[in-house]
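Asks: Just so you know, the sequences run in chain order A and B. With our numbering applied, the first sequence covers 947 to 1644. With our numbering applied, the second sequence covers 146 to 432.
Just so you know, the hints here were simulated from the structure itself, not pulled from any lab data. From a predicted model like this one, the values you see are computed outputs, not experimental measurements. Hints should not be assumed to be uniformly reliable.
List of simulated lysine-lysine pairs, DSBU-like, C-alpha gap at most 30 Å [said to hold, decoys possible]:
# : chain 1 : residue 1 : chain 2 : residue 2
1 : A       : K1027     : A       : K1003
2 : A       : K1267     : B       : K335
3 : B       : K161      : A       : K1140
Listed next, the stretches of chain A that the computed footprint assigns to chain B, with coverage defined by at least 3 CB atoms under 8 Å from CB atoms of chain B [what the hints assert, rightly or not]:
# : segment
4 : 1123-1136
5 : 1270-1278
Just so it is clear, CB atoms sit at the ideal spot from N, CA and C, and this is done for glycine as well.
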Amino acid sequence: MKDYLLETYVEEIPARCLNKAVKDLKTIAETELTKYKLHYEDIFTFGTPRRLTLYIKNLDENEPDAEEEIKGPPTSIAIGKNGEQLMPFKKFALSAGVHEKDIQVKKTSKGQYLFARKLIKGRKTEDILKIFSPWIIKSLKFPKTMHWDNKNIKFVRPIRSLLSLFGEDLIKFTYAGVETENSTYGLRINQLNKIKVKTPADYFKILKENYVILSFDERKNNVEKNAHALAKKINGTPLYSSDFLEEVVNLTEYPTPFLATIGKEEFSIPQCISIRVIEDHMKSFPCTDKNGKLLPYFIGVRNGCSDFIEIVKEGYEKVIKARMLDGKFFFEEGKKIPLQTLVSKLSGVIFLKELGTMKDKIDRLTALSDYISSKIGLNDSQKKALKQSAYLSKADLLTNVVREFPDLQGEIGGIYAQLQGEEPEVCEAIKEQYLPRFTDDELPKTLIGTYLSLVDKIDTLTGSFAIGIAVSGSKDPYGLRRIGNSIVQLLASIDMESFPIKELVQASIDLYKPKKEIESEKTLKDIIIFLRERSEGILKEKNIRYDIINAVTALSPDLTTTYQKRADILMNHINDEELASIVLANKRVNNILLSTDISSKTIDKKLLFEKEEEGLFDAIQNTRTKIESGLKQMNYEEIIKLLYSLSPVISKFFDKVLVMDNDEKIRKNRLAMLMNLKELFLQFADFSAIVVEKDKSV
Amino acid sequence: MNFQEMIFKLEMFWKKQGCVLLLPFDEQIGAGTLSPYTYLRALGRKPWAAVYLQPSRRPADGRYGENPNRLYMHHQMQVVLKPPPEDIQEIYLNSLRSLGLKLAQHEIKFIEDNWETAVLGARGIGWEIRLDGLEITQFTYFQQAAGIDLNPVSVEITYGLERLAMFIQKKDNVFDIQWNDDYTYGDLRKDMEREECVYAFETSNPDQLFNLFNIYEEEGVSNLKKGILYPGYQYLLKCSHVFNLLDARGAISISERVQLISRIRKMANLAANIVLSKEEDNEGLSA
């Protein structure tokens, strides 16, 4: 057994696709190796901007020999009466390529046949690797590939060297015009020098000595540890997301973080712009103090060791100065144009395909804002604020700051709004309009921001559905699932027992109608179904049981605001015996109602004869009022307890009262009572969806 | 090292690599790629290696000569190599060494930057190259021109000379660069910068510019249709500059923008087809 090493040495691989390539390399190698009968101890893959490395530990040197059994003719024609070998026998031995003495007779279900046992000599691993290795490189997929000369091969970036060592042996092959060699390169510090590699073990040692850290995790830990230590010197913390950290780490073969300073003058721009400059332009980490306030420092990560790092640091400081001044210039320019002026220019910006301009969108958003304000009874100042924030919401798309830093849309609009003296609620709402951008992202903190974000997303969703942009399987080019999820999250954050989402979507459809022909009913139905699916998805992510998810999402879409709260209560009580009895009672009620065509819910008190049915009647009346008030207060714990209290009354009723009485009047009266009961249950959840363990039910 | 010497050094360096040393193309050009020395030469199979300085005008970047880093017109050193040599990255780094840079004392990063120009239907894959965080070069493997896949591929290396000079001369303001020992960049360029900005942002007449665009386009298209390549292509360059002027003036709405770009793109396609059919006629080679 020997180790195998394959290094594909390339010009700089984009940082964002490196980790996936390293992962894919491993999967592809594993899958491919199963095709051969080669055993190995383990597979490791590594990547830096310059190389993708596959390392197979303790790989067999030969494929094991195998025995093959070849079925021949039946003995009836191959062997004579006296056991002599007939012609077919000899022919079979010849064709199977075995000696006659290696042929055996075996019984099968169809009689006796000749069988030849043949030894298949295993191939040399060396020969297999010559096929295996180029195939592995070829199989790697990247989001974008390129040509780099006149050959027909594409790869993420030009391949410049290939190292392929099996133990001490060079495995020769050529890919993309590059012949394998037993050499590699270290970090490009000055001249790039070819270094000879004797064995795979040698390779790891050589790279270490030549400033290449192969493992992403090792580079990442190094960066994180040092970045925190550096930030500590200024009583700060480095600020970064895991994606950005990955990008920064993958721009290096040997990362060395360093602390650099930002001048006072340049620093006097909104914090959000500074962060974008530091991250986007400098590929560095901003630092904040313990209150989250940005500090006039940043942490750069040099691709290289700490020699001469002062020079590198000075360079970075000079660049950030220029970049910050640019940011300042853009910001100051933006201040000169009132947002209102920009709003009118939005008629030159396309919103989405055939859905008109951003100005059209603004017109719809302001109308939708008015609609929702009156629908849920916002007060006059809230109503005004929502409309104004909707009106100004997209103006910042035309500012240089957003052109330079698209991520700052909304946030910068809010800052400009503040500077031109808009109401604080308006500014906050503009800032928050894109929240939440993804699951677990922060939600708008203000009421107006929540409604603005909601109407904006409903408008986009409606428009997309109207022009048939569909979500199917993995295809979701316009990110509609994300928008749907955001809508559901926004609704869940609204502290209301119910929210007229269905009517809001209808209003949104109506607003498109003058300019766009829409199948109104179908669009509404599709959107509501889509939102329900999003609700289900989000509850699932919160580890809610599937049956409970079904029980709550079966309720009206207007109750989306309370799905989560209801689901939580059900999750807490799922093992209660009382809950099981409610589920059972609900089932009995439904079964009886299903067999009838009752429609009236009116109960005639005079037709109540039995003590138990009077008891149930009183309990229903009594509970209904309490449930109604519980719903208003969204006290679902209280409601479940109220339903529990019905359980014994219902049991007694079913024990003593025959619903299907022969007298039609009495029968109908009792069925009406069950209708009332069913309605009461449905006030909380669709209990018929809930699965309870049989032995616990009463 | 002063600015003019940097230019000589880079030109000499690439001359030694076998590049033909050309003079700037005499039209107002937005980027070195638009020069016929790059765009038209990247098409077809014929090998090509050239280096030329290209003054590049980007009106929207103008700041009246008051910003230490932004210019209406800056200078690009443009290198085109078809096909690119295998060690092209190393050759490029040697060109920096030829300017006296000791790379071991600095940091070089190649950061993904795939370049695309809608007006030319051109796209490339490559990097921006950062020297201690400063973007000094765009390094691109040209993949497509006029929507046509290029074979062989060309590599295009574009140095931002002012940035490089500021780095080498340790200047914080572009106008403080020493052009030679007697003149600074500001002495030679500041007045022109300011006036070009006044023109682009204040005194240009958008209606006239729109007219010019139409006239240049008509002249260009009619000649390109007759197979007259270079004069026709020069009108494309004029259209592109007028477009940039209108853009800087804020006179183009977004929908107009798309439309104007597609009109220039049509001229680029016409020009590209002439190049390819000429090559086919002359050498019996087809792509």
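Asks: Taking the hints in turn, state whether each one holds.
Replies: A quick look at each hint next to the structure:
no. : hint              : in the structure
1   : K1027/A x K1003/A : violated, 57 Å
2   : K1267/A x K335/B  : holds, 22 Å
3   : K161/B x K1140/A  : holds, 24 Å
4   : 1123-1136         : holds (count 3)
5   : 1270-1278         : holds (count 3)
Of the hints listed earlier, the one the structure fails to meet is number 1.
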